[in-house]
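S.K.: Chain residues, written in single-letter form:
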Amino acid sequence: MNFEKVEEILAKYGHKESQIIAILQETQTNYNYLPEEVLKYVSGRLNIPLARVYSVATFYKAFSLERRGKHVITVCLGTTCHVRGGRKILEKIERDLGIKAGETTQDFEFTLETVNCVGCCAIGPILIIDGNYFGEMDLEKLDTVLKKYSAG
Amino acid sequence: MSPRKIRNKDELEELKASILQKREQKRTVIAISVGTCGLARGAGEVMAAFREEIEKHDLSDEVYLRETGCHGFCEKEPLIVIYPNGIFYHSLRPKDVPEIVSETVVKGNIIDRLLYKSLTGEKIICEEDVPFYKKQKRLILGNNRKVDPTDIEDYIAIGGYSALAKALSMSREKIIEEVKKSVLRGRGGGGFPTGIKWETCRNAAGEPKYVLCNADEGDPGAYMDRALLEGNPHSVIEGMIIGAYAIGSAQGFVYVRNEYPLALKNVWIAIEKAKEYGFLGEDILCSGFDFDIEINMGGGAFVCGESTALMASVEGKVGEPRAKYIHTTESGLWGKPSNLNNVETWANVPLIINKGAEWYNKIGTEGSKGTKIFSLVGKVKNTGLVEVPMGITLREIIYEIGGGIIKDKKFKAAQTGGPSGGCIPESLLDLPVDFDELTKIGSMMGSGGMIVMDEGTCMVDVARYFFNFLREESCGKCVPCREGIKRMLEILTDITEGRGKKGDMELLEELSEVLRDASLCALGTTAPNPVLTTIKYFREEYEAHIKDKKCPAGVCKELIQYFIDWEKCTGCDRCVGYCPEGAITGEKKKGDTYIINQNKCIKCGVCFDMCKLDAVIVR
Amino acid sequence: MPKIGIIIDGNRIEVEQGTTILDTAKERGIYIPTLCYHESLEPYAACRLCTVEVSRGGRSKMVTACNYPLREEIEVKTDSERVRRIRRTIVELLLASCPNVKIIRDLAKEMDIEEPRFKKEENDCILCGLCVRACSEIVGVEAISFVGRGVDREVDTPFRVTSEACICCGSCAYVCPTGAIEIEGKDGVREIKKFHASQPLERCKVCGNYFAPRVQIDWMTKKLNLPRENFEVCPTCKP
Chain U
1 MNFEKVEEIL AKYGHKESQI IAILQETQTN YNYLPEEVLK YVSGRLNIPL
51 ARVYSVATFY KAFSLERRGK HVITVCLGTT CHVRGGRKIL EKIERDLGIK
101 AGETTQDFEF TLETVNCVGC CAIGPILIID GNYFGEMDLE KLDTVLKKYS
151 AG
Chain Y
1001 MSPRKIRNKD ELEELKASIL QKREQKRTVI AISVGTCGLA RGAGEVMAAF
1051 REEIEKHDLS DEVYLRETGC HGFCEKEPLI VIYPNGIFYH SLRPKDVPEI
1101 VSETVVKGNI IDRLLYKSLT GEKIICEEDV PFYKKQKRLI LGNNRKVDPT
1151 DIEDYIAIGG YSALAKALSM SREKIIEEVK KSVLRGRGGG GFPTGIKWET
1201 CRNAAGEPKY VLCNADEGDP GAYMDRALLE GNPHSVIEGM IIGAYAIGSA
1251 QGFVYVRNEY PLALKNVWIA IEKAKEYGFL GEDILCSGFD FDIEINMGGG
1301 AFVCGESTAL MASVEGKVGE PRAKYIHTTE SGLWGKPSNL NNVETWANVP
1351 LIINKGAEWY NKIGTEGSKG TKIFSLVGKV KNTGLVEVPM GITLREIIYE
1401 IGGGIIKDKK FKAAQTGGPS GGCIPESLLD LPVDFDELTK IGSMMGSGGM
1451 IVMDEGTCMV DVARYFFNFL REESCGKCVP CREGIKRMLE ILTDITEGRG
1501 KKGDMELLEE LSEVLRDASL CALGTTAPNP VLTTIKYFRE EYEAHIKDKK
1551 CPAGVCKELI QYFIDWEKCT GCDRCVGYCP EGAITGEKKK GDTYIINQNK
1601 CIKCGVCFDM CKLDAVIVR
Chain R
2001 MPKIGIIIDG NRIEVEQGTT ILDTAKERGI YIPTLCYHES LEPYAACRLC
2051 TVEVSRGGRS KMVTACNYPL REEIEVKTDS ERVRRIRRTI VELLLASCPN
2101 VKIIRDLAKE MDIEEPRFKK EENDCILCGL CVRACSEIVG VEAISFVGRG
2151 VDREVDTPFR VTSEACICCG SCAYVCPTGA IEIEGKDGVR EIKKFHASQP
2201 LERCKVCGNY FAPRVQIDWM TKKLNLPREN FEVCPTCKP
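Protein chains in written order, with the working numbering: chain U, 1 to 152; chain Y, 1001 to 1619; chain R, 2001 to 2239.
Just so you know, these hints were derived from the structure itself, not from any lab. Fair warning: this is a prediction, and the values are worked out from it, not measured in the lab. For glycine and all other residues, C-beta sits at the position ideal for the given N, C-alpha and C. Hints are all accurate, no fakes.
Anything over 12 Å on all C-beta distances counts as not near chain U; from chain R, calculated:
1) Arg-2084
2) Glu-2114
3) Met-2220
4) Phe-2231
5) Glu-2232
Simulated DEER-style distance windows between Cβ atoms:
6) U:Lys-147 with R:Ile-2138: 54 to 64 Å
7) Y:Glu-1400 with R:Arg-2012: 55 to 65 Å
8) R:Gly-2148 with Y:Cys-1126: 51 to 61 Å
9) Y:Lys-1181 with R:Lys-2003: 34 to 44 Å
10) Y:Lys-1502 with R:Glu-2081: 24 to 34 Å
11) Y:Lys-1502 with R:Ile-2138: 45 to 55 Å
12) R:Lys-2120 with Y:Glu-1497: 16 to 26 Å
13) Y:Lys-1502 with R:Gly-2148: 32 to 42 Å
14) R:Glu-2137 with U:Leu-65: 23 to 33 Å
15) Y:Ile-1326 with U:Thr-29: 37 to 47 Å
16) U:Lys-147 with Y:Gly-1044: 14 to 24 Å
17) Y:Ile-1441 with R:Ile-2013: 34 to 44 Å
18) U:Asn-32 with Y:Ile-1326: 37 to 47 Å
Under the rule of at most 25 Å between Cα atoms (straight-line distance), these lysine-lysine pairs were calculated in the DSS-like manner:
19) Y:Lys-1547 with R:Lys-2119
20) Y:Lys-1336 with U:Lys-16
21) R:Lys-2193 with U:Lys-40
22) Y:Lys-1275 with U:Lys-12
23) Y:Lys-1501 with R:Lys-2119
24) Y:Lys-1407 with U:Lys-88
25) Y:Lys-1095 with U:Lys-141
26) Y:Lys-1324 with R:Lys-2026
27) Y:Lys-1603 with U:Lys-100
28) R:Lys-2119 with Y:Lys-1557
29) Y:Lys-1324 with R:Lys-2003
30) Y:Lys-1550 with Y:Lys-1410
31) U:Lys-100 with U:Lys-147
32) Y:Lys-1557 with U:Lys-141
33) Y:Lys-1317 with U:Lys-5
34) U:Lys-148 with Y:Lys-1095
35) R:Lys-2061 with Y:Lys-1440
36) Y:Lys-1095 with Y:Lys-1056
37) U:Lys-40 with R:Lys-2194
38) U:Lys-12 with Y:Lys-1265
39) Y:Lys-1317 with U:Lys-40
40) Y:Lys-1600 with U:Lys-88
Same shape as in the complex, but just chain U:
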């Protein structure tokens, strides 16, 4: 496995243990998830016991130790989005894609995740796909948006 990219990231953050979250976050963006070999590599380079790196990687919700889909769909379930029907949006996507929150479709096209508030409460319910925000989501708009990502 090529660790060149990881080295770049480690250097960018000055090889600091205090930047472990940012390091793992950028690493994950690069590899789509956090592979075991990469975590072992980071542990070795930063001289942090592997058990501690693994503990951090499994504690924070931002990290995935399993391969994720091409598109990551995030449904916000913050209080306001919840009050405005966020749960119904999630359930519809779960039905349409045949997976539950936290899972990835068999063809590795979509990963469905939830988040507890992204701070866009005035225009909830919020849906985020690959970092693009969609506000005031409803069941009709959902169909349109999902179709766009299914095609491309």
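Got chain U sorted already, so can you dock chains Y and R onto it with the hints?
M.R.: Below, chains Y and R without anything else, positioned relative to chain U:
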């Protein structure tokens, strides 16, 4: 010309004057709000359209398009303010842009249809006259519309970093005294007097000392800090530098939750700019004071909003809180004296230094001075960020600023303080917004989230929602929180699903007491608040769920049923197509033949949402 | 350290400033139940069972005795009504999670708890963290850690496979209060199944009995920078 480091107050003033002079040449400024929520509503496309139109009309020398953060009136985004007259246009589409440029910018004509219409139908031209803004006191958030967060010169132009220059000429004791006199209290939820915190840290033994900014804003429904960091990061940085100077710290950290990518980006840019101009780094403004700020990112853990968990996270560990019998001001980050404040708290500091504690004291109540930014969201007409003086009543916020409940439905409750707070019923709407008043009734100010709920909200479901949230966010270290929340959620789920039994409320109250007394950190000790306030003020709803197995608000799936109202149904067949279980049948065009098969119905609510005639009813 | 006066369960005593309530209680034979406390480890305050009531100036609050430092004159109550209620509930919650764990059953019996009012699960780990902390603070290899978060929190090795850092010393099993970690020794191999450890043992050069894992001896020689001969004789046969 590359920026030269500012060396003193005079040079800063000179720079400010020259910036203002340069800008006078542009007669029109269009401030467009492109914070995260504006972008989610299409503000990006509107901005691109403006850039194109301005070029097309060859107006680049006369018109300045300022990309700002959130102005606060999120409901009306995308919005712009055109200066010098302050013309307010809202809910814009890219197709509105050519007209705005050719009519308003070039000819000075007002476009009626883009103006804000008050509830009485009156058309408002100027931003200042918009009722949403009128009752606010936008001392902090108001600057968002005046600055492009990536342009430090915008900040300098409105007086930015002058408080720093002033502070560096004061003694450290005098600065702390001023902050103490202002009675500024933590805006993150704790409400602890900031001046006293600074003083304790300053007097603590140990080097080095650290200052931190808590930008982990995890309360769902609260996004004031996001708007401040995205829109005016320099105000927070300036506050931190002043605090660091007063306390005697050379290293600061801003901990931003990773769910705020734009805030992370803009803070980073601001720090780099501040370094370039000499406001950060070595020998700031030639005072001999060194200070640097590092950014740390969150990993998606609400518990990291707790100060000791945040510090553990900065240390590269999991976000596990620790006991605060020895305060973090004495032993915090890496065991050293650390001062942590919330984003909004830091943003108040330059204001206090510039205007003085006495001026600041005049705003607010006896125990709570200054203003507070709230995120007014939920079932309210005008959703957005509102900055109000402490002491204003909830009724004024919700009705006079918020415009009342959507569709004029009945108000039910306002939830403040996030998962650590409580629900406030109608009977207490005239309560003044104040740290101590809110705590007295069982809720708390919290970070400022204010979620308005109407008759269609089930309060038991709300309590269950918060417990579900906390169950996911608990770090799992201590027994009361990890096990207690799990069991309380089980009881609440049973209640919402029709399995509630006698004694459930009492058991919830009993567990609440143990969580309150024995949890390790504030996540656990305040977890009972939502359930305790809802039991206190909405007991009948709990009883309906438990005794009658009914959900009066029509929310809890297991306790409701959907029916077709034959008086309203026209047989358009729309719902049939959407029903995932094929539970609806009927003869097209014959409204009184449509029936929902209750055995097949999974209560997903899609038919209810999709019917355009309100012909699906819930009971 | 200067001495300060405090009142504990109605008795006025003098303690060295900074002493924890638990240490003070132990010295005086006052019983405070604990689960995650161990005298050789830093207090962790996770089980909350040692919660006691402290008051000063008419205000009282609940604190954990294991890590609360006595720094000023306060009154401590180790067995008030409030304290008992908390202890009972904590044990009841643990009993529901780990109904078959002896130490929890014993505590429940002590407090007259028969059946928990919650759905019973079948865990054998109370997440006290003694194993993790022993491995980190005493042994120093940090082979195991807490994995996951909240109700899904568990103790395991990285990726839940054999850890390269583990020296199979068995300290984790030694400190575990529930018996969730078992050491098995058979045919010259030590197994700690819970942490996927399985290591061949060395024989004592004198009596010939198996006594320590090879990897542990390797690690000790390296860590202490001493010749291997120092570790080839079992504790019984050592002169």
